[in-house]
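Asks: With the hints as constraints, model all of the structure from the sequences given.
Number of protein chains: 2
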Amino acid sequence: MSIDQANQSAFERMTSARPILTAVDVAGKVIPDLGERMLLHAGPPIGWDRMSGPLKGAVIGAILYEGWAEDEARAAAMAEGGEVTFEPCHHHQAVGPMAGVISPSMAVYVLENLTHGNRAFSNFNEGYGKVLRYGAYSTEVLDKLRWMNEQMAPVLAAALAESEGLDIRALLAEALHMGDEGHNRNKAGSLLFLKLLAPLVAKVAQDKATEERILQFVGDNALSVLNPVMAACKAMADAAHGVEGSTLVTTMARNGTDFGIRVSGLGDDWFTAPAPTPDGLYFSGFSAADANPDIGDSTITETAGIGAFAMAAAPAIVTFVSGTPRDAVTATLEMYEITTAEHPHFTIPTLDFRGTPTGIDLRKVVELTITPRINTGIAHREAGVGQVGAGLVRPPKEVFEQALIAYAERYEL
Amino acid sequence: MSIDQANQSAFERMTSARPILTAVDVAGKVIPDLGERMLLHAGPPIGWDRMSGPLKGAVIGAILYEGWAEDEARAAAMAEGGEVTFEPCHHHQAVGPMAGVISPSMAVYVLENLTHGNRAFSNFNEGYGKVLRYGAYSTEVLDKLRWMNEQMAPVLAAALAESEGLDIRALLAEALHMGDEGHNRNKAGSLLFLKLLAPLVAKVAQDKATEERILQFVGDNALSVLNPVMAACKAMADAAHGVEGSTLVTTMARNGTDFGIRVSGLGDDWFTAPAPTPDGLYFSGFSAADANPDIGDSTITETAGIGAFAMAAAPAIVTFVSGTPRDAVTATLEMYEITTAEHPHFTIPTLDFRGTPTGIDLRKVVELTITPRINTGIAHREAGVGQVGAGLVRPPKEVFEQALIAYAERYEL
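So the sequence lines, in the order shown, correspond to chains S and F.
Per the working numbering, the very first residue in the first sequence carries number 6; after that it's consecutive.
Per the working numbering, the very first residue in the second sequence carries number 6; after that it's consecutive.
Any copy will do: because identical chains look the same in the list, a pair fits if it lies in one copy or spans two.
List time: in silico SDA-like cross-link candidates among lysine to any residue, alpha-carbon distance up to 25 Å:
| id | residue 1 | residue 2 |
| --- | --- | --- |
| 1 | LYS208 | ILE25 |
| 2 | LYS213 | ALA28 |
| 3 | LYS369 | TYR416 |
| 4 | LYS149 | GLU77 |
| 5 | LYS213 | ALA163 |
| 6 | LYS34 | GLU155 |
| 7 | LYS213 | PRO159 |
| 8 | LYS369 | GLY247 |
| 9 | LYS402 | ARG415 |
| 10 | LYS208 | GLU155 |
| 11 | LYS213 | GLY170 |
| 12 | LYS369 | GLU417 |
| 13 | LYS208 | PHE222 |
| 14 | LYS208 | ALA163 |
Derived by calculation from the structure, the hints in this document are not laboratory data.
Replies: Structure representation (structure tokens):
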């Protein structure tokens with residue numbers, strides 16, 4: 006089989022995957038091999054010593070949330086002393102935005118790929134403001150996590166049990182016709198999510214105040230659906246992974262220190278380089294000097310052909326990430342240069358319903374020196390602060406060069 | 006004051022109007038001068054003898070719904086015999102899509118223009134399929150009307166009473182950034198409507214089954230918000246009406262037989278001509294031969310600077326009304342030629358956030374021979390059938406010529 010054929014096969018697996026949100030459950034129960042004192046995190050593997058501020062903050066917050074330590078100092082000491090194990094979400098069929106920390110008692114969305122049978126998981130989205138995923142861990146942050154996991158999660162679990170599952174690929178296809186790109190702009194998708202959930206929640210909720218708060222929270226958070234969308238993209242990307250001879254990129258992820266990729270035909274090896282810092286727009290009172298290097302598993306969206314790759318569908322996003330509507334079109338057009346084909350389900354109205362550029366081909370990235378574009382949030386570099394802006398970033402080209410060399414060695418080219 | 010100054014004044018009144026959805030109430034209680042055996046209808050004044058099939062069907066349905074007659078034959082005889090009075094919605098601060106029939110016991114949305122104090126009303130949207138507004142009046146149609154008016158309306162009334170009112174102008178501004186044009190495409194707006202209503206409904210609903218059905222119905226109907234949007238546009242247009250010397254068009258409406266307009270500086274006179282038949286896409290099993298001439302008050306949206314005027318914001322609509330995404334941009338660009346200025350609140354991302362073309366200037370329409378563009382649904386020509394498609398239409402140029410002659414006479418030019 007030629008490389009092109011292998012890539013076509015991987016592309017077809019990625020785009021024929023049909024991830025359905027079937028359940029909400031507890032991470033420790035459903036995520037494979039999630040140990041008792043283990044925390045999952047975004048990006049490639051990393052130890053406490055090399056973690057950036059926001060990831061350290063989220064780790065401290067998760068330790069406090071789990072009750073493994075009573076205060077910040079003890080939590081940090083546990084992390085430093087090896088009493089907690091750290092593994093990437095990506096090693097456990099999971100993804101998490103920004104710090105991406107998933108601890109055993111957190112609720113997770115369970116996605117099932119109807120076409121190929123694999124599953125994927127993501128945690129709940131906390132909304133804007135001071136949140137764990139940006140490295141904040143104040144009482145307010147932990148209280149909201151408790152409400153989400155202890156009050157909202159059981160209701161959503163019961164609601165989903167009443168449904169036949171929510172088709173997240175169909176939801177995304179519709180959201181791309183409503184000005185979303187599926188990564189930094191999930192306004193329409195989150196409302197479609199609310200539309201699907203609301204009658205189910207009304208049916209199963211026992212307590213009116215909780216029900217009201219859930220409907221308010223899911224509706225007001227324009228990123229409500231980001232986490233199920235990321236898990237859906239993970240299910241698609243995992244379906245494309247492991248195709249012998251394929252140069253398709255199946256993972257792009259950052260832990261706040263390193264940017265890493267994995268490739269369909271290169272097994273589970275990561276190719277990493279220092280994570281760059283995004284260019285973007287900063288919230289009032291913050292500037293580029295406050296920005297942490299790029300962080301999060303949310304680049305799984307670009308890996309699956311949406312996010313910055315579908316930016317032409319989302320011209321209004323430029324008010325959030327910088328640039329002009331024309332730049333948004335240019336971003337998508339450029340990504341056709343480095344991808345395998347056009348997505349059969351995700352289409353862009355303003356480009357005459359052309360499919361989104363999907364399936365990053367390692368060879369094209371290196372040959373054309375065009376790295377993938379990524380839309381992203383920007384975290385403060387220090388633990389405990391939170392989000393400071395949003396913008397655009399590209400992976401370091403070195404990771405693709407390393408991967409291509411590894412490919413040449415592995416396949417004796 | 007020059008004509009330009011008068012138009013600028015009317016434009017500023019139209020675009021500074023801020024319509025808030027404050028209540029749901031019973032038409033007979035809140036709509037001014039709505040008589041006991043009176044039916045309001047879309048478009049300019051018309052008697053039973055000249056009514057088209059879908060309007061006759063809706064009249065029969067409303068008489069049956071009110072219980073004024075027990076069967077179709079008796080209802081038609083009442084209408085024919087003058088036992089029911091017909092007046093335009095527009096004469097009662099109201100608007101209704103398609104047949105636009107509002108009867109005294111129907112529930113209506115109440116919009117209040119915070120800026121100028123005027124109010125506007127619209128009935129509830131019934132969704133797709135067999136519905137009164139397209140002239141269907143089977144038991145199924147009347148049962149749904151009863152559920153909406155007797156079960157849903159009291160809950161929405163209580164929900165709105167718990168709120169500070171819903172800002173429909175703000176909702177529209179957001180929906181235009183989410184692929185809506187506010188007339189034929191209200192997908193995003195209806196979901197924003199659901200988002201605002203859902204927590205309120207959860208708070209006030211007493212019966213879980215009703216609550217679940219309301220949330221399902223509002224969420225599934227991509228036109229849920231059309232009627233409040235139309236009333237909001239009516240409140241804006243009415244605010245711009247009555248400016249001495251202004252050539253701004255403040256009403257465009259069709260009753261299925263005639264197309265009529267009214268002009269800010271020309272009092273309450275209608276200028277009418279036979280309504281044309283839309284060009285469009287037909288549902289399976291129907292063709293242009295089934296189409297009724299243009300019908301409905303929903304052109305109030307184009308009158309207020311959205312709908313076909315904002316079509317560049319809604320490229321995905323072409324799958325519903327025909328054409329290409331480029332045509333959608335062209336439609337908006339052309340409307341800048343015949344309007345007074347750009348809307349300060351309604352902007353179009355793909356046109357670099359340019360304001361929508363707003364305030365149709367009678368003089369420009371006649372001088373350039375460019376009539377306004379309208380997106381519309383298409384009704385079957387016979388009573389009792391329903392919607393057969395959706396498409397594009399323009400008013401007859403004669404109505405603008407008549408109005409300009411009347412203007413010249415009135416102002417002795």
